Amino acid sequence: MYRLAERLYPICRSITGNGVRETLAILKEIIPLELTEVPSGTKVLDWEIPDEWNIKDAWIKDMAGDKIINFRDLNLHVLNYSTPVDQIVDLESLKEHLYTLPEYPQWVPYRTSYHNRQWGFCMSHNQMENLKDDNYHIKIDSEIRPGALTYGEFFIQGKTKEEVLISCHICHPSLCNDNLSGIIIATFIAGFLQTLKTRFSYRFLFIPGTIGSIAWLSRNENKLQHIKYGLVLTLLGDTSPFHYKKSRRGNAEIDKIMEYLLRNESNSQIREFSPYGYDERQFCSPGFNLPVGRFSRKPHGEFPEYHTSADNLDFVKPVSLGESFTLLLKVIMLIENNLKYINLNPKGEPQLGRRGLYRQIGGESRQKDYEMALLWILNFSDGDNSLLDIAIRSGIDFPVISDAAQKLQHSSLLSAC
Amino acid sequence: MYRLAERLYPICRSITGNGVRETLAILKEIIPLELTEVPSGTKVLDWEIPDEWNIKDAWIKDMAGDKIINFRDLNLHVLNYSTPVDQIVDLESLKEHLYTLPEYPQWVPYRTSYHNRQWGFCMSHNQMENLKDDNYHIKIDSEIRPGALTYGEFFIQGKTKEEVLISCHICHPSLCNDNLSGIIIATFIAGFLQTLKTRFSYRFLFIPGTIGSIAWLSRNENKLQHIKYGLVLTLLGDTSPFHYKKSRRGNAEIDKIMEYLLRNESNSQIREFSPYGYDERQFCSPGFNLPVGRFSRKPHGEFPEYHTSADNLDFVKPVSLGESFTLLLKVIMLIENNLKYINLNPKGEPQLGRRGLYRQIGGESRQKDYEMALLWILNFSDGDNSLLDIAIRSGIDFPVISDAAQKLQHSSLLSAC
Amino acid sequence: MYRLAERLYPICRSITGNGVRETLAILKEIIPLELTEVPSGTKVLDWEIPDEWNIKDAWIKDMAGDKIINFRDLNLHVLNYSTPVDQIVDLESLKEHLYTLPEYPQWVPYRTSYHNRQWGFCMSHNQMENLKDDNYHIKIDSEIRPGALTYGEFFIQGKTKEEVLISCHICHPSLCNDNLSGIIIATFIAGFLQTLKTRFSYRFLFIPGTIGSIAWLSRNENKLQHIKYGLVLTLLGDTSPFHYKKSRRGNAEIDKIMEYLLRNESNSQIREFSPYGYDERQFCSPGFNLPVGRFSRKPHGEFPEYHTSADNLDFVKPVSLGESFTLLLKVIMLIENNLKYINLNPKGEPQLGRRGLYRQIGGESRQKDYEMALLWILNFSDGDNSLLDIAIRSGIDFPVISDAAQKLQHSSLLSAC
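Chains as they are written, first to last, in the numbering used here: chain A, 1 to 417; chain B, 1 to 417; chain C, 1 to 417.
Hint data in this document are derived by calculation from the structure and do not stem from the laboratory. Be careful, since some hints might not be right.
The list cannot tell twin chains apart, which means a pair is met if one copy fits it or any two copies do.
What the hints assert, rightly or not - Computed cross-link-like contacts, DSBU-like style, restricted to lysine-lysine with a CA-CA straight-line distance of at most 30 Å:
no., residue 1, residue 2
1, Lys298, Lys368
2, Lys228, Lys132
3, Lys67, Lys256
4, Lys347, Lys298
5, Lys368, Lys340
6, Lys139, Lys61
7, Lys223, Lys256
8, Lys407, Lys317
9, Lys43, Lys407
10, Lys347, Lys43
11, Lys132, Lys197
12, Lys256, Lys95
Only a predicted model underlies this, so the values are computations on that prediction, with no experimental measurement involved.
All chains should be built: construct the whole structure from the sequences, respecting the hints.
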């Protein structure tokens, strides 16, 4: 996973353009992504696909001809979606187009101007403060013209039409925790799942933030009814504790599952839905209101490296990616096994002993979790409670519950509903 | 407001009689009250309008002819609704008709006997203890005979038929926090509102406690369906913190509004409904169950001055009246602006930037309350949530939410429902 | 009550057999129990009535002919439902059939093998450790053959068909807190109730655990609709605090009543339903889901004496039985009086003074509980709230509320619904 991060890190992604295509091409080496190109000018919900932006190079040279800013060193140096420019400007004019972070004077900020045509550079505040009062030669070799917005999609057909949606954004340039960590976890989970037979179908989206999810939603309204669980993945590579932001519904099954799994993860946090953040904003807009939450570590805007040059390959740790991957696997295991059953013998307890499901000698005061699991499942499998509900209520670990349910089903005492 | 208190304080009010009429005549100088006279003997719900009580004078003279108790000094000295009497009695007989407060021996209690014909005097416990064992000449120059119960009403027609009910009791004699403070706040709020165009209609009631609200309810059942919010005002002039008693429903909009506004008021208290207190007892009887709460400071019976001569002009402070007035204005502002909207573009977020509602440069980690307000309103304006619900949920101040909603409406993104 | 315990203690009960019959015969001296015999082999829900077990004697003799274990000293010494055996065995073979409690080496455990044919002895761990490596003559003079399962039932017809179910298990041999305490409390309560006219009908069940309640349920499905309240009684004789386990519904009236009554009992505990324990497992199986909770002191498995020879006549205290009896009486008083009423004058308060229900002199700041009770009942008797709901909400003691309701009913202000 970390090696994939290293390959993807230098690419200059944006909401459109060849950086996205290059990124998706690399992911295709791992999973058979299907790519979609939505032409500029296409109406998508309330939005319109913008012209495509591509950039070859950019720099600021001092009058000695030395490059003091070089896009090829760090693509964050260019305001994302900058118009082309090639001119000599004095310091004062240049400063009108510079973005810095006074609170973190050594870091370069990430800034964008997707919908307002302008050019700009981002640099460290220290560097800006030390600029001599001189002229500078600036050049941005970019172009903005009709093209397309590109996104990748991978669908795994399960036994049922019901879908689990996993979405991540692919529109940030050299930012590692923000965008790359989500892309990588999604890719590896998809790679793992394609080798299995699953109950649910799984749909993975690799899309530019906001405009990408809006484009996808606009073209796939007929599929939304099948989405039973969904997660937006992002910010999963740093060392902070897990964090889950609930879906707008607040009580969707995915919310319950994440609460259940995170309560054993130290310092993890659950938050109520809010309409700001990543693409859960679109999936959870009131007209769709999908059961989609967001799984991350420290949320956007709550760590200083966010949207700066410090969100780099050092900020993301292999062990953190591994933990995030493992937690997501647990989520999927739980989704796959979180069935609702009906007790086929609901009046009184069935005689478990005769079916070999219960100890023979009575009177002992200590009970086994496994036998208790049988009783809990039988009592609460009335069509209302899922196995997860029963695990929560009984305090017995989900795997014990899930295993006991299978035993009861084999004994014809339970039927999946 | 305090000057009005000074004028109203000396008047001897009761549940009927000229004291009430005199009080309402003074209020008519400020607002165009409509007066109603309900004749004695009229059946009102389970009750009957009693005979009217009026009193000219009353005193106790010692055998030297000195007035030791004088109604004209303090009208609390007479048991309210006392029958006329003029006789010489010995101390023992007199004491059977005396009411005092042993716990507060310097104060004169307020006592009534509306429905049981008798006469009595109220005096300080100290004075009673010092009465010489002698005869006394007592005189109460009152009359109880068929007349009417009088109440005042002021209706302000708003844009809609839906009403806000503001009610206060006008039946207490020289008690200042209890009854005068409510009367004064209601009068000044009414005076302020009559100069404005409001969305809601406002109905102000100036009524004798219990029998007055019962009479009004009995005569206005057809109007009750329009009452969407209601407050009983009383005990608003002392220096204790604000207190709100919820409507019987417990989750009416007025309850939510008062909870929201009082949580920023230091030491304020919210209590559940109970069937004792002021006219909320009648408005919230189960057959009406109106959304009417009670706004006061320290509740009745919880401060020693309650129903004694110590609830006088010193006990009420101009600054307290001012604070109460201001809080009530906030309530009304909130009621007027607490609309529910429908997001007209509920699928995905609308593109706010193109409408000039959103910043142009992306990537900054700090959000403005105003932009967040736009997102919260759009996401939760699904017909279920009011702006207040959204303010509570988002933690953004109501005025910011309300302002943002108007901007969205002007951009045709929102429609009031 | 304690004397009844002394008489019942030595009897060797099981889920079938003469020990149960002997027990029920003693109870018939107090209450007119109706006995039911369900023949072996009868299908009852998912189960089948087993062959009947009876035992005359059992012992282990050492080679000197001395009885080192004697069933007549303590019937727990025999594995309940042991097959007959009469043979000489060496120590090693014997040990395969011995049950002991290593954690409490002086106590004899209680063990059963109802559904798996085998023989066994229970002894103290100390005794087993000291057994010489020798041969032993073992004898169990028991028989298992077709017969019947016996249970007792006592029904008291009340004014209505609605029933209160009181159930206890009668299948444990010399165990005193576990089974005898419940039997005794149930018997004495039944004896007390048969002398009264009650609103509800009362049904008392004296049944073998599990198979007994399953048999009864299987034969009485048509009666279950009438059960409005139910309690399983057990473990009511030791000195630990009261404990109530809620019905599966969790919000049944019996749950509310027990919570209300136990909150004044020091250290009492309320627990959520779980599908393990006594016959509430069957009554609360999802196909029946009856409003039946369990009233006990320290629950099964949570005190060391549970299912051992230490649960004897010393472990149970007369005063504890008395307290349990008294609490159950309070439950019944509450059930009998916990009516729902409708306020017949729901619009405004009725005039209580004219009906002699309210004080004549107004103005006092302190209220009497009794007058407040009148107001609470009138306000909340809307068909939704029971008197218990009103007691909980008002904080006024239930007896005051109940008494006030009767006064209001006599004044034709209230009608039971």
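Problem set entry | Indices of hints not satisfied (ascending) | Violated hints: 2, 3, 8, 11 and 12; rest satisfied.
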